[in-house]
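**Q** With the hints as constraints, model all of the structure from the sequences given.
Quick note, the sequence shown lines up with residues 1 to 70 if you use UniProt numbering.
Just so you know, the hints here were simulated from the structure itself, not pulled from any lab data.
Wrong hints could be hidden among the right ones.
Stated by the list, open to error - With a straight-line cut-off of 20 Å between C-alpha atoms, the simulated SDA-like cross-links for lysine to any residue are:
(1) Lys-45 <-> Pro-69
(2) Lys-45 <-> Pro-25
(3) Lys-45 <-> Arg-26
(4) Lys-45 <-> Phe-66
(5) Lys-45 <-> Thr-34
(6) Lys-45 <-> Ile-63
(7) Lys-45 <-> Arg-59
(8) Lys-45 <-> Asn-60
(9) Lys-45 <-> Ala-65
(10) Lys-45 <-> Ala-28
(11) Lys-45 <-> Met-35
(12) Lys-45 <-> Gln-29
(13) Lys-45 <-> His-56
(14) Lys-45 <-> Asp-31
(15) Lys-45 <-> Gly-64
(16) Lys-45 <-> Phe-61
(17) Lys-45 <-> Tyr-27
(18) Lys-45 <-> Leu-55
(19) Lys-45 <-> Glu-33
(20) Lys-45 <-> His-70
(21) Lys-45 <-> Gln-57
(22) Lys-45 <-> His-23
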Amino acid sequence: MKSVGRVGGGESEQRGHFQMPLHYPRYAQADYETMPEWRLDSLLKEYGLPIIGDLHQKRNFAIGAFLWPH
Numbered sequence: 001m002k003s004v005g006r007v008g009g010g011e012s013e014q015r016g017h018f019q020m021p022l023h024y025p026r027y028a029q030a031d032y033e034t035m036p037e038w039r040l041d042s043l044l045k046e047y048g049l050p051i052i053g054d055l056h057q058k059r060n061f062a063i064g065a066f067l068w069p070h
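**A** Below, the structure is given as structure tokens:
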């Protein structure tokens, strides 16, 4: 199996590498529903998640990924 990322490999960008940030996003559903696309892209990229689709698809993906039903 081929490795897609190395630790300490000196690569400026690692594709296919998930790294959990220290903090989980603390946004409410209303925040995701009004969040500008550039902020959604930045948030998804920070968590190593795909940045594909239109704004509506990205919002739905972020809501599904970061919000848990109570």
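**Q** Checking against the hints above, which ones are violated?
**A** 1, 20
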